[in-house]
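**Student:** Sequence:
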Amino acid sequence: MNPKSICAGIATFLSVRTGNPELLKAQFAALSRLIPLMYFILVADAWVLAGTFIHRAPLWLTLYASLLLTAICLSRLVVWWKKRNVALTVETAFAELRRANRVAAALTVVFPAWAFALFSYGDALEQSHVAFFLVISILGTMFCLIHLRSAALIVAAVAGSAFVVFFASTGQPVFIGMAVNVVFVIGASVVVVLIQNRDFVRMVNASIAARSKEQAQNRLLRMIDDMPVAVMTVEPDTLKINYVNETSKRLVRRIEHLLPIKADDLPGTCIDVFHRHPQHQRRILGDPANLPHNARISLGPEVIDLKVSAVTDTDGTYIGPMLTWALVTKEAESERRIFQMAHYDILTGLPNRITFHEELDKRLGTPGNRVGLLFVDLDGFKLVNDTRGHRIGDILLTQVASRLRATCNSPATVVGRLGGDEFAVLVPHDNAEEAALLAARVVAFLSEPYDLDYDRSIQITASVGIALAPLHGEDGETLLSRADIALHVAKTAGKGEFRMFQPEMEARIQERMRLEARLQATLKSEEGLFVFYQSIIGIDSGTVTAREALVRWYHPERGWISPGEFVPVAEQSGLIDQLGGFVLNTACRDAARWTDGARVAVNISASQIGKGTLVPSILAALEASGLPPERLEIEVTETALLYDERDTTAELQQLRKLGVRVALDDFGTGYSSLAHLRAFPFDKIKIDGSFVRDAVDRPDCAAVVQVVASLGKRLGVTTVAEGVETQAHLDRVREEGCTEVQGYLFGRPKPDERDAPLVEELNRRAREAATA
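Numbering (the UniProt record's numbering), first residue to last: 1 to 772.
Since the hints were made in silico from the structure, they are not lab data.
Ideal placement from N, C-alpha and C gives every residue a C-beta, glycine not left out.
Just so you know, nobody snuck in bad clues.
Here are the simulated DSS-like cross-link-like pairs (lysine-lysine), alpha carbons at most 27 angstroms apart as the crow flies:
#, residue 1, residue 2
1, Lys82, Lys25
2, Lys657, Lys713
3, Lys307, Lys249
4, Lys495, Lys382
5, Lys382, Lys491
6, Lys611, Lys382
7, Lys240, Lys213
8, Lys750, Lys524
9, Lys330, Lys262
10, Lys25, Lys83
11, Lys307, Lys240
12, Lys307, Lys330
13, Lys25, Lys213
14, Lys262, Lys307
15, Lys524, Lys611
16, Lys240, Lys262
17, Lys611, Lys657
18, Lys262, Lys249
19, Lys330, Lys249
Simulated restraints on C-beta separations:
#, residue 1, residue 2, range
20, Arg441, Glu504, 23 to 29 angstroms
21, Phe116, Val78, 24 to 30 angstroms
22, Tyr744, Glu630, 26 to 32 angstroms
The whole structure should be built from the sequences, with the hints applied where relevant.
**Tutor:** Given below as structure tokens:
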């Protein structure tokens, strides 16, 4: 290394380091406390030395020089004193420390030079005092500047070197020995300065790190305090709360009335205050292996959502559990409502279709499990719902649900609402007799009158289909399907009945599906479909006033199929529009060729009305056939008026405006007949044949016929007595005042002349097939 680089290294070593701003501030603060002591030592030692030489050396070198040195030291003290309250910055500290280096260098020159100047005026003892003064001043100054390594080393280097050189050059063995001793003392002092300075730097750095860590912890605590999440920490051994943030305190204040402690008293309190039976919670919190852990705790009406996680030190040591919690009473209630809405019927509170299916599948999924299923459907509910309004319908459904709960209340029995007016009951056995008894009780109980509001009551019936597992199926879909089949059979049997599933029922359903497929194919080709006509006779004139169009179907394999069999299939499968369209168009074409001018009466199904398609289809049929509108009669049943009565009446009014006549068919068998007569001015009322046939022997039936005939006369409406099969029937309805009659007495339904030969041939084939 060259001398220049060596000098640069020494200069760097003896300069103030700028790499650690906090260290600069700490060094300045430490010097501020020791600088006054340093000046005190220097001034005091200087005056003592001046006193020793006061009579030997000139006054300017003793008194005046001491005063000058004292003034210099005092001036520096004043400067330090003024800066004690100045805001300390890194720049200020650095500047003052550099100035301290320069002042230390100056002092190590001035004070030794003054002492060396006094040396020659004294004897050996006084000269020794000079050496003592210098050693004391050097060591005192070094130790007062110990926190500024560079300044202390400058003092040691400059003053120490000057001392050794000066006294070694005296040639006196004592002073030479002193110089050697001072070398060792100053060297040892330098080592002490370096060690102390190193420890001071370490202490400052440690303090900086601790302060930084404390600040980080304080920031973290402030953040945790300000967090919207409630946080608590707990001692792992005692489970006492050792920290509670402000959010926790605020939440606890909301539920203090449910706790045996106040929010401000939580620190130091055992976590057990939140638990009525804390043993389980203690086991979880006491072992970090159980964490993290989530739980919901009910505290009176409040619900607490609790999350517990393990807090570990940097080395992985378990410190304790941290609890974050929130009051989720409203959220829990919302979740409960959502769950209730998703799994239970809102109106009745019964398990809904999804929940019921899940329960059914769960029970069927257990090996060896046996269950029974009752499929319940209300008879006539739609009629009540449409005529009385949905509010009454809802009241009725809630009362049905209550009765089902009361009837099916045995253990492990589940009652559900599958939708609309369909209910299901799941029983925990496959005992056919018990299931039948339960179904009978359900039918009987549900068929009793229901008390509605405003002192009104209503009576409906219920039909029940029963299926048992594993006898009738081993999965939920099959069991429900077969219970539905049994329900369909019960309804077909007359409603208000129950039926147990039998294999032949499924065969009938399959036959119905085959019949539907055959009917659909027949409607496409129209082969085998015919329209027969039955005459309607005026009682007074004895002439044919109208003919009712009746559909007939001949199938190559099954022969003639009864309308009572295929018309309901058409209505249920959505084929009724096609079938009704065929009858309407055929009847209009045939009537257009009749020479007697009789009207043609066409029955319209309830499902054809109210959809907005009836009027266009009738217009199209009249235009295609050329039949005058006044020669067409549309017959509707009272049932047709029960569904969307406003739309239905509007369509019938449009037909009346076209000139088409409208007849009310099967009067007296439906509901609210008088209300229907008031809602729409019918051209004709047809009295159901059941009243006509019994009118001969039953006065009550005769009274019905009489009342209707009288009503028709008052309203100016034609009344037709259906089902006139004997002369006695004719005499009775004539006596009661009916206008027209229809029945086998005047002829059975016959095909049009165009179709008569083909129908005769088909009848012949049918007779041959029957006798074969």
